[in-house]
Structures are given as structure tokens and as C-alpha cells.
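Chemist: Protein sequence lines correspond, in order, to chains A and B.
For the record, in the first sequence the residue sitting at position 86 is 86 according to my numbering, with numbers rising by one throughout.
For the record, in the second sequence the residue sitting at position 38 is 150 according to my numbering, with numbers rising by one throughout.
Among these hints, one or two may not hold up.
Chain A is faced by these chain B residues, among others (derived, beta-carbon under 10 Å) [unchecked claim]:
hint, residue
1, 139
2, 143
3, 149
4, 170
5, 203
6, 216
7, 219
8, 222
Straight-line C-alpha distance at most 30 Å; calculated DSBU-like pairs for lysine-lysine [as the list claims (entries may be wrong)]:
hint, chain 1, residue 1, chain 2, residue 2
9, A, 68, A, 99
10, B, 183, A, 99
11, B, 126, B, 169
12, A, 111, A, 68
13, B, 121, A, 60
14, B, 169, A, 99
15, B, 121, A, 99
16, A, 68, A, 56
17, A, 56, A, 77
18, A, 52, A, 77
19, A, 68, A, 52
20, A, 60, A, 111
In case anyone wonders, no lab produced these hints; they're calculated from the structure.
Just so it is clear, CB atoms sit at the ideal spot from N, CA and C, and this is done for glycine as well.
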Amino acid sequence: GNSVTQMEGPVTLSEEAFLTINCTYTATGYPSLFWYVQYPGEGLQLLLKATKADDKGSNKGFEATYRKETTSFHLEKGSVQVSDSAVYFCALSRGGGFKTIFGAGTRLFVKA
Amino acid sequence: NAGVTQTPKFQVLKTGQSMTLQCAQDMNHNSMYWYRQDPGMGLRLIYYSASEGTTDKGEVPNGYNVSRLNKREFSLRLESAAPSQTSVYFCASRDTQGNSYEQYFGPGTRLTVA
Numbered sequence: 001g002n003s004v005t006q007m008e009g010p011v012t013l014s015e016e017a018f019l020t021i022n023c024t025y026t027a028t029g030y031p032s033l034f035w036y037v038q039y040p041g042e043g044l045q046l047l048l049k050a051t052k053a054d055d056k057g058s059n060k061g062f063e064a065t066y067r068k069e070t071t072s073f074h075l076e077k078g079s080v081q082v083s084d085s086a087v088y089f090c091a092l093s094r095g096g097g098f099k100t101i102f103g104a105g106t107r108l109f110v111k112a
Numbered sequence: 113n114a115g116v117t118q119t120p121k122f123q124v125l126k127t128g129q130s131m132t133l134q135c136a137q138d139m140n141h142n143s144m145y146w147y148r149q150d151p152g153m154g155l156r157l158i159y160y161s162a163s164e165g166t167t168d169k170g171e172v173p174n175g176y177n178v179s180r181l182n183k184r185e186f187s188l189r190l191e192s193a194a195p196s197q198t199s200v201y202f203c204a205s206r207d208t209q210g211n212s213y214e215q216y217f218g219p220g221t222r223l224t225v226a
């Protein structure tokens with residue numbers, strides 16, 4: 001079946017450090033891939049997405065590239081800020097189906 | 113546009129009490145979802161409604177019922193609350209047109225059952 005695996009947290013970084021959060025998926029067909037972010041006390045919101053192989057999603061300095069050959073969608077940011085502290089969820093969804101499959105989430109702490 | 117709204121924001125119940133969590137979206141989306149989020153557990157799907165007039169069970173439906181009242185509204189009911197239902201509940205909607213498939217989430221309802 002379809003599944004998403006992302007690295008366990010928490011991840012603790014100093015401000016301006018480089019961030020990578022790994023995400024791999026298992027799916028039949030050609031799913032769309034997403035990263036959602038959840039700030040403390042809030043609901044999830046879409047951070048970025050990619051709908052086909054080799055697409056790069058980007059937003060707010062975050063990037064992720066849809067790699068079909070490695071079934072991965074790793075999230076990266078060159079220089080994190082304290083305000084990036086949040087929980088990040090990798091997810092996939094397929095056309096024709098009505099559910100989104102979420103990873104377990106990775107909590108990021110950024111220290112000043 | 114308000115997006116996805118949920119009421120109430122907070123609720124404390126005694127074991128055995130019932131309540132209904134309300135959710136509404138103003139984006140004309142076909143699909144709507146109820147999730148619960150527990151510490152360290154990520155999101156778990158309780159029920160979903162692929163379109164108006166249909167509902168289906170998710171991963172953890174026991175102890176819950178849902179109603180898709182119309183295209184805009186999707187409510188979640190706890191008939192007899194239990195401490196194990198203490199959680200944060202999120203409603204979401206999704207546009208099934210085109211190839212976007214992204215979900216839009218409400219702000220959540222924080223429920224404590226004592």
C-alpha cells in the first residue's frame with residue numbers, strides 16, 4: 001500500500017544552519033507530494049508541493065525535489081530561522097483516491 | 113474567504129458526555145476529513161467524506177460518528193466520550209478538481225475528557 005516515512009525528530013539546529021529532513025515514499029502510480037508545516041497551536045498548512053517527477057517545490061526558502069528514482073522528497077533550507085521552529089509533515093496523494101497519506105511528522109527546534 | 117473553520121476551539125467533557133464538533137469550509141471543496149492528533153502519533157484519519165452524501169471510515173472510527181450536512185459542513189460526534197478521546201481534532205477539506213490534491217486544515221479543537 002501507500003506509505004510515507006520521514007526522519008524522526010526532534011531536530012535541533014542553530015540559527016542560520018542548513019536543514020535537511022528526509023522523506024521517502026511508497027506508492028503505485030504517480031502521486032503528488034507535499035510538505036506541510038504546523039506551527040505551535042495551529043493547524044497544518046501547505047508549505048510546498050510537487051506533482052510530477054523532477055519537479056521542485058519551493059516556498060519561504062524551503063525546497064524539495066520529487067525524485068522518482070529514489071522515491072524521495074527531502075525538505076531543505078539553506079539557513080533556518082528561529083521562526084521556522086515547527087513540526088513538518090511529508091505527505092502524498094493520488095489522483096482518483098480521496099485520502100492523503102501523512103508521515104509521522106518531524107519536530108524542528110531552531111536556537112538563536 | 114475564511115477557509116476551514118471549526119467550533120469550538122476548546123472543550124472539556126466528563127466521561128460519558130456527548131458532543132458534536134462542527135466544521136465548515138467556504139472553498140466549494142468536494143472532500144472533507146476529520147483527523148485526530150495525539151502527542152508523538154502524527155495525524156490519524158477518523159472519517160472522511162469524498163463528496164456530499166457519502167461518508168467512509170478512516171483508521172480510527174470507533175467511538176465517533178459523522179454527518180455531511182451539505183457540501184460546506186461536516187460534523188463529528190462523540191456519543192459517549194472516553195478519556196482515550198482526549199486529543200486535538202482537525203477538520204480538513206480538499207479540492208478534487210484538477211491535479212492539486214492539497215488539503216486545507218482548520219485551526220483545531222482541543223478536547224479533554226476527564
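Chemist: So which of those numbered hints doesn't the model satisfy?
Modeler: 1, 12
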